[in-house]
Every structure is written in C-alpha cells, then in structure tokens.
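Asker: Listed below are the residues making up each chain.
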Amino acid sequence: MADMKVDELSVSVARDPSMMTGGVPTKDWQDVPAIFKPGNYCYPGKKEMVEYHSKSFPGLFGEPRDWLVEDEDWKLPENWKEIIINGIKERLDKFRSFKVFMDICVRCGACADKCHFFLGTGDPKNMPVVRAELLRSIYRNEFTKAGKILGKLAGAREMTVGVLKEWFMYFYQCTECRRCSVFCPYGIDTAEITMMARELLHLVGVNTNWILEPAANSNRTGNHMGLQPHTLKENVEYLCDDIEEITGLRITPSWNRKGAEILFITPSADFFAEPGIYTAMGYMLLFEHIGLDYTFSTYASEGGNFGLFTNNEMMKKLNAKMYAEAKRLGVKWILGGECGHMWRVLHQYMDTMNGPADFLEVPKSPITGTVFENAASTKMVHISEFTADLLRHGKLKLDPKRNAHRKMTYHDSCNPARAMGLLEEPRYILKHVVDDFHEMPENTIRESTFCCGSGTGLNTGEIMELRMRAGLPRANAVKYVHDKHGVNTLGCVCAIDRATLSSLVDYWVPGVDVCGLSELVGNALIMDGEKERESGLRFEELAVEDEGEADV
Amino acid sequence: MKILYPFIAVIGLMFVAFLGVQLGMQSLFGIVIPYLAFAIFIGGFINKVVGWAKSPVPFRVPTTCGQGKSLPWIREDCLDNPSTTGGVVARMALEVLTFRSLFRNTQADVYDGPKLRYGSSKYLWLFALLFHYSFAVIVIRHMRLFTDPMPFFVPILEFFDGILQIGAPTLYQTDLIILGGLTLLFLRRIMIAKVRYMSLPADYFPLFLIFAIAVTGILMRYFVRVDVINIKQLAVGLASFSPILVDGIGSIFYIHLFLVCCLMAYFPFSKLMHLGGVFMSPTRNLANNSRMVRHINPWNDPSIKPHSYASYEDEFREFMSGAGLPLEKELPVEEPAVEDQAETTETPAE
Chain A
1 MADMKVDELS VSVARDPSMM TGGVPTKDWQ DVPAIFKPGN YCYPGKKEMV
51 EYHSKSFPGL FGEPRDWLVE DEDWKLPENW KEIIINGIKE RLDKFRSFKV
101 FMDICVRCGA CADKCHFFLG TGDPKNMPVV RAELLRSIYR NEFTKAGKIL
151 GKLAGAREMT VGVLKEWFMY FYQCTECRRC SVFCPYGIDT AEITMMAREL
201 LHLVGVNTNW ILEPAANSNR TGNHMGLQPH TLKENVEYLC DDIEEITGLR
251 ITPSWNRKGA EILFITPSAD FFAEPGIYTA MGYMLLFEHI GLDYTFSTYA
301 SEGGNFGLFT NNEMMKKLNA KMYAEAKRLG VKWILGGECG HMWRVLHQYM
351 DTMNGPADFL EVPKSPITGT VFENAASTKM VHISEFTADL LRHGKLKLDP
401 KRNAHRKMTY HDSCNPARAM GLLEEPRYIL KHVVDDFHEM PENTIRESTF
451 CCGSGTGLNT GEIMELRMRA GLPRANAVKY VHDKHGVNTL GCVCAIDRAT
501 LSSLVDYWVP GVDVCGLSEL VGNALIMDGE KERESGLRFE ELAVEDEGEA
551 DV
Chain B
553 MKILYPFIAV IGLMFVAFLG VQLGMQSLFG IVIPYLAFAI FIGGFINKVV
603 GWAKSPVPFR VPTTCGQGKS LPWIREDCLD NPSTTGGVVA RMALEVLTFR
653 SLFRNTQADV YDGPKLRYGS SKYLWLFALL FHYSFAVIVI RHMRLFTDPM
703 PFFVPILEFF DGILQIGAPT LYQTDLIILG GLTLLFLRRI MIAKVRYMSL
753 PADYFPLFLI FAIAVTGILM RYFVRVDVIN IKQLAVGLAS FSPILVDGIG
803 SIFYIHLFLV CCLMAYFPFS KLMHLGGVFM SPTRNLANNS RMVRHINPWN
853 DPSIKPHSYA SYEDEFREFM SGAGLPLEKE LPVEEPAVED QAETTETPAE
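Top line first, the protein sequences correspond to chains A and B.
Residues 1 to 552 (this note's numbering) make up the first sequence, in order.
Residues 553 to 902 (this note's numbering) make up the second sequence, in order.
Hints listed in this document are in silico derivations from the structure and should not be mistaken for laboratory results.
Worth double-checking, as some hints may not be accurate.
No farther apart than 30 Å at their CA atoms in a straight line, the calculated lysine-lysine pairs in the BS3-like style are these [to be verified]:
{"no.": "1", "chain 1": "B", "residue 1": "554", "chain 2": "A", "residue 2": "152"}
{"no.": "2", "chain 1": "A", "residue 1": "407", "chain 2": "B", "residue 2": "667"}
{"no.": "3", "chain 1": "B", "residue 1": "857", "chain 2": "A", "residue 2": "332"}
{"no.": "4", "chain 1": "B", "residue 1": "746", "chain 2": "A", "residue 2": "37"}
{"no.": "5", "chain 1": "B", "residue 1": "857", "chain 2": "A", "residue 2": "364"}
{"no.": "6", "chain 1": "B", "residue 1": "857", "chain 2": "A", "residue 2": "327"}
{"no.": "7", "chain 1": "B", "residue 1": "606", "chain 2": "A", "residue 2": "81"}
{"no.": "8", "chain 1": "A", "residue 1": "27", "chain 2": "B", "residue 2": "554"}
{"no.": "9", "chain 1": "B", "residue 1": "606", "chain 2": "A", "residue 2": "145"}
{"no.": "10", "chain 1": "A", "residue 1": "55", "chain 2": "B", "residue 2": "857"}
{"no.": "11", "chain 1": "A", "residue 1": "431", "chain 2": "B", "residue 2": "667"}
{"no.": "12", "chain 1": "B", "residue 1": "606", "chain 2": "A", "residue 2": "94"}
{"no.": "13", "chain 1": "B", "residue 1": "667", "chain 2": "A", "residue 2": "5"}
{"no.": "14", "chain 1": "B", "residue 1": "881", "chain 2": "A", "residue 2": "258"}
{"no.": "15", "chain 1": "A", "residue 1": "81", "chain 2": "A", "residue 2": "145"}
{"no.": "16", "chain 1": "A", "residue 1": "165", "chain 2": "B", "residue 2": "554"}
{"no.": "17", "chain 1": "A", "residue 1": "89", "chain 2": "B", "residue 2": "857"}
{"no.": "18", "chain 1": "A", "residue 1": "484", "chain 2": "B", "residue 2": "667"}
{"no.": "19", "chain 1": "A", "residue 1": "145", "chain 2": "A", "residue 2": "165"}
{"no.": "20", "chain 1": "A", "residue 1": "165", "chain 2": "B", "residue 2": "746"}
{"no.": "21", "chain 1": "A", "residue 1": "5", "chain 2": "A", "residue 2": "165"}
{"no.": "22", "chain 1": "B", "residue 1": "606", "chain 2": "B", "residue 2": "857"}
{"no.": "23", "chain 1": "A", "residue 1": "47", "chain 2": "B", "residue 2": "857"}
{"no.": "24", "chain 1": "A", "residue 1": "332", "chain 2": "B", "residue 2": "881"}
{"no.": "25", "chain 1": "B", "residue 1": "554", "chain 2": "A", "residue 2": "148"}
{"no.": "26", "chain 1": "B", "residue 1": "606", "chain 2": "A", "residue 2": "148"}
{"no.": "27", "chain 1": "B", "residue 1": "746", "chain 2": "A", "residue 2": "27"}
{"no.": "28", "chain 1": "A", "residue 1": "46", "chain 2": "B", "residue 2": "857"}
In this text the structure is predicted, and so the values were computed from the model without any measurement.
Given only the sequences and the hints, what does the whole structure look like? Please build it.
Answerer: Next up, the structure:
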C-alpha cells in the first residue's frame, strides 16, 4: 500500500466497494482478521524506548523487546491474556466512563458515519460503535453474566491474539477526536475507550514508536522534538533574526527567567517546524507589542503531551513539568500557546492530576486588567482567550490589510472544540486581523468539526494513505470553500494541525496554506519603531494595495 | 441467525407460558414468576447502577458541544456546554426527554470527486421518540390495574390517549404508535446496511419481546376479550402483597404477563440499562468548569513526579551555560591545565 496518487485515491474512496459506497462485507466483523501490510500500521516502539519508559513505570509498558507488526509472533509475554483481563478489571474499577460505556450502547448507529476514519476508509470496524465492540465483546465474555452464559449470542467472544492485533489496528485508527460522542444519545465517547485500549496494549508491550519516542524526548529534554536547551534557544534566535529582517526590530525573549510574571508554554513544533515557526514569531511579536513580562522555559518547553496517547500515568508525569517550572521560576500564572491535545490535557486533566496550583495567582491580564475567572483554579490561559481580550480592549494596533493576501477559513481543532468549547475566541481574533473570512459547511465546524486525521500520535509518515483518507472529510470541506470563495488559507489553533493539515491540503486541495492564528496577528501588528513591511512573516509577498483593488 | 434466534426465543417464551397455563401452573405464572421477575428487575437495576457508581469519575471529561464559559462578553452556550449545575440539569433533561443528541443526527454520503455530503437525518430520533413515549404512556396506563383507587393522572392520560374516540373499546393511540415505532426501528435495523452489520442478537431480542408484549396486550383489549375485573383483582393482589389466584383469566393474559416478566428479568443484564446509564454518563452529566474548580481524582498518585529540573540541569548544564541560560547550580570552576589551554582556543560566544 504505497502512497496512492490523489486521483487514484479519489476514485478509490468514492467507488471501491466499502461500507461507505454501499458494499457490505460477506463475513461478520468478528470473523474478519486484521491483516497488517506496509502502510496500514505504525512502526512498533524501539526496545530502548520501552526500556526508558519502564524505568519510570515498571510494568506499564510491557516487556522491552524487538518485534515487528507484520510478524506472526509478537513475542508477547506468556501470561499476556491474564495481563489484559486484569488490566480491564482494574480500569473498570478506576474509570466510571469506561464501565458505563461498556454496558449501555444500544447500537443505534448514530455514530457510524460520524468518524472521519470510517468516512475515508469505509471499513466497518471504523464505525465508532464497532470499534468499541472490539473491546466490549471481551468485556462481556469476562465480566458479564449474559456473556458468560450466552457467549456469542450475547455478543461476547474469547480474547485471542487475533483480537489483540485487531485492537492494535483499530485503536490506532482513532484519533480520540470525540466527534462520535457529540452524536451519541448517551454521550459514549470513543476517546475514553481508545485510551483504555491503548493503555491495555501498552501493558503487553504493544505500542508505536512515533508516540513512545516523543514522550521519551519530552521527559528528558523537555520537548517532543528532543531539542536540547541550547538548540532550542538558538532556533528561537533564528526566528528573531527573521523577525528583524521583516520588521527591523530585534526581539530578545528571555529563557528560564525567574521572577517573570508569566510563563509561556507552547508546543515545541512551534519553535522548530514550518509553518508552526510563523505562529511562534507571531507570539513573540504580540508579547513585544504589549510589553509582556514573560519567559520561555527550556525545561518545560513542550505544550503537547504524547503521554495522553499512552496512559494516564505518563500523561501526568509529562504534564507535571509545567507547574513544577512555574513554581521554580516564581511566575504568577501560565499562558499556553495554540495546540489541540495540549489543551485537552490542560483543560480537563492538569489541575486534577498535578494541582492544586496554589503557588500561582488567578490569571490577570497585565495589559487590560481582565481576570480570567474561567482559569481561576488551573491558572493557565489559552493564547486565544488572552488575545481576544486584548482586542476587545483595543490594546492592539493592527493593519489587517497586511493579511489581505489571505482568504481565510477556520478549522476548529477537535480538543479545543469538543473538550473545552473554545469556538468564539479564535473567530473574534480572525475578524480583527483578516478581512476575508468564510466558514466551512455547518456540519464540519465547531462541535461537529472534523479531525485532521492524524491526531493522537498518528502523524507519522508510514501511514500516509490512511492519514489522507482520514483527513478527507476535513480536506473536502476546505475544498468546498476553496472552490466557492477562493479560500487560500486554513487557520487553526493546533500545532499538530499546522503540520498535518499542511500535508493534507497539499494532497487534496493544493494552493491552500495552513497557519496558526497568532501568525496572522503578528503579521497585522503595527509595532512601535518598525520599518515598512515588505513581506509577511513567512517572507511571502503581501497583497498589492491598490485603489483598483487588484484581485490576484 | 442474528435475527432468527431472538425471534425463536420470543416464540419459545410465549409457548412456555401457554404450556404452563394449560398444565395448570397459574400460581407459578401468575404469582411466583411476577414476583421473582420484579425482584430481579429492581435488584438487578440497583446493583448495576451501584456498580457503576462505585467506580469514580477520575477526570472531568464533558463533551462540549458549544461555546464554553470564558470571557464575560462571549456568550456561553449554557445548554450544550454548561458550566453550572443548573445548566447540566437542563442539558440532561433535554437529552433524556427530547433525545437532543439524536436530533443532531446527519447522514454522510460519498460521491465522485470525492465529495462528501452530510444531510439531515432525523428518522432515528423520530422513531425513538415514538417508541419511548408510547411505552412510557402504556406503562403508566397500566397503573389502573395495580392501584385502587388509581392515581388522578391515570384517567387523564387515558382520556388523552383515547382522544380520537375511535371504536369500542376506545382505541388508544399509543397502542398503534408503539407497534409502528417498533416496526420502524426494526426495519431501520435490517434495511440500513451499516446498522444491520453492527447489530447483535441482543439488539433484536428486546424489539421482538416488546413487540410480542404489545401485540398480546392489544389482542386482549380489542379482540380476544378477557375479564378485566379478574385481572385487576390479581394485579391489585400482587401489588398489595396479598396475591390471590383468580379463575377465568385466559391464557393470553398469562402469555402477556410472562413476557413482561421476561422483559423485567432481562432488563438489568442488557443494553436496556441505557435507561439508567444515560444519567451516569460523564461526558454529559458534568459541568465544563475544570479550569475553574478543581476536580478530585480519588486514586490520583502523588508519587508520580516529573523528571526533575535538577536532573535536567545536571544533564545539560554545560550546554546551558554555554548558551547563556540561567542555572541553579553554576558549572564547577575548573582551573584549566596549562597544556589544555592551547586546545581550547574558542570560547562560546555570549
């Protein structure tokens, strides 16, 4: 399954027999084995990665070993089945969500065509209900009377290596985006189920390197990219060189500075990879513009948290750096950059796992005096909330014409939309910094937004075709506004989006750029003492300002 | 098989009841089994809910379906993303009483291009409402049989249910609607390929069972007349825990009753527990206030600590010093040996 050309994949998605195109498999899903071939699975974790994580969490990551996904023998521990069943038991006792969701599904099918993986692959096991049944069938067999007595008639089945392989395939074809849970009459959230399944798989050493390695990097160097402190600082200096070239202003952000008022944390991709770096330049311009007393940290240089994609213990450990660093530096509160799953962790988990942050103050904007009551306990504010407040108080001097070359649409990232409700702030910002903004169709935005197709650690190169398929619903909505309104830029507030949507739209909707909102803000900001800007933050040409309104 | 087995099972249950009554086991089917089934229903239901409640909710994970509470000038979506208990109650009420999430349902289709389209699809919502509400009305109407005097709302409900005044005895609309609802839910399950593929025997069994209950009930009311006075005597006896066996009640009543007993006994062990579960779902019944109010996880493990700053600095101190980053512990000042000095010509730039 090499990377398919776009025209081939276009035909395949719409015509190849699949559940999306009206085809029905002849066998029940219980009788269809998972078959791995190049392109449909992520590479397994390297032995040394598992060894590294096992030092912190003995047992949680299974036995370190070399193994290949396509091999018949996964070198599972002798008692793997017992580990899994005990693991289920433990999690049923720890998570009410898991327990309730194992029992109450009525298979009404409302979720079936809400999953981007299903829409792009037509594979029935990508219907959220069936994805959950992969695990539910084992639950029934081991933990319910009906399953024990009636077996298959009650929808139960025996745990086998085949089932384990199926889990590995389909719980890594779920990005925990929660779209299905919006439509479920009982709010059954496949993200909760996928998290449990991945925790279970880790217990027997079934994992992917694309998640384990960034998590190891983040633990050791402070960020997923594995950037060491000096490299990180150097990278940001390059960005400052670019800012100087574009604006004529030299910005020198501070690092690990004690006594700063605010600690700013963003995904490390913003320091390192296009187009995230332009977002980072935007942050720095904004903070310079308002004279914010802030510091970056090299130790807590990762906003994202790949621990979320392994188990709750790892998530907690990686996240704990934020408060630890805020405490060490003695800042008043924490400001967080644009990122999706990062904000899932910050909004719904951080305070519970690593709070109380009683050494911090309730966040208050030093510029407007606004107290962020919505972050009174966590003490961490989203950059979009912070910027929207600045705009509301007229604290930013802006020239939105500088973004006139951008015809925008906006992608709600899954987690800020469905695990937080950050919908209006980004739109408010957009309306101030660009003139031309078009929403994508109603069923593809806000709480119904579609995932980029590559979240939860699936943004790896070896599964490109899968990613393009899973991202199709998103890309298709972009194409709609691209064709209809000439939209050429897709804005978002997520670092993984910035990377993955770029490849996605290059594939499906060439001619569309992806950018973070802070890039647009930075581009529009009229800085004190700056020179006349001849280009945007990515050295792109600005639209010619012409009375005749040149439309390129 | 997935459809046939549950169908045979329901027919089998009807036959069991019929046979039992023919063999004169009225006391078993009229008294013992109803009590047993009711006990299983109540006990099983409570047991299941308590079982769920025993597991904590470690994290506050509502699915937010609208704007969250943030800045004062941004309007919060109180119903789909509530930040207060009142909002949660309203959200839950809409969910339970109007099936709000199902109302959102869309149907996705793929066309050449590829082009995806999402059309509105409210059939499931409609069928589900028809079924659930008529079921509820019918259950309440049956209180006429168990209570003496009956509660004031029962005759009112009966009046409205029969408001069309068709036939004698007056036709209750819910009798027709429940059969219609069940039929539509069944047809939907077998006609939509996706739903058929995901369905289990456990999805067909309750449909058939409730259908059979409704049909036997309707037969008794409109076609095979039974002695309601006698039935009420039996029912009131059961309800007042002084059961008496009454003669002259036809087999069809016992079949009806036995099927109801089966439904009650089956309920706690089946997907029908969504009745209780919908109230327990953490993605719906929690307020989205996790940054405002700290949510406590009873099993939070305080021993999980981050990789410490001290060990981080220990590993990278030299680089950090070289890059001019502030340090907690300065590099040990080493007196460079004389011969080494020639080697280290360059010092890192400031």
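Asker: Would the pair residue 46/A and residue 857/B pass a check requiring their Cα atoms to be no farther apart than 30 Å?
Answerer: holds (24 Å)
Asker: Straight-line Cα separation of residue 554/B and residue 152/A no greater than 30 Å?
Answerer: Since the Cα atoms of residue 554/B and residue 152/A sit roughly 10 Å apart, the hinted pair holds (cutoff 30 Å).
Asker: Decide if the proposed pair is consistent with the structure: residue 606/B and residue 94/A, CA atoms, cutoff 30 Å inclusive.
Answerer: holds (9 Å)
Asker: Is the hinted pair residue 5/A and residue 165/A satisfied, with a Cα-Cα distance of at most 30 Å?
Answerer: Measuring from Cα to Cα gives roughly 28 Å; hence the hint holds.
Asker: With a cut-off of 30 Å on the C-alpha distance, tell me whether residue 27/A and residue 554/B pass.
Answerer: holds (13 Å)
Asker: So if I understand the rule, the pair passes when the alpha-carbon distance is 30 Å or less; does residue 332/A with residue 881/B pass?
Answerer: holds (24 Å)
Asker: Are the Cα atoms of residue 165/A and residue 554/B separated by 30 Å or less?
Answerer: holds (25 Å)
Asker: Hinted pair, alpha-carbon criterion (30 Å max): residue 407/A, residue 667/B. Please report holds or violated.
Answerer: Holds, because 22 Å separates the two Cα atoms, which is no more than 30 Å.
Asker: Starting from residue 145/A, check that the Cα of residue 165/A is at most 30 Å away, please.
Answerer: holds (26 Å)
Asker: Decide if the proposed pair is consistent with the structure: residue 881/B and residue 258/A, CA atoms, cutoff 30 Å inclusive.
Answerer: holds (14 Å)
Asker: With the threshold set at 30 Å, check whether the alpha-carbon distance from residue 746/B to residue 37/A stays at or below it.
Answerer: Given that 30 Å is the threshold and the Cα spacing comes to 26 Å, the pair holds.
Asker: Is the Cα-Cα distance between residue 554/B and residue 148/A 30 Å or less?
Answerer: holds (18 Å)
Violated hints for the displayed structure: none, as all numbered hints are satisfied.
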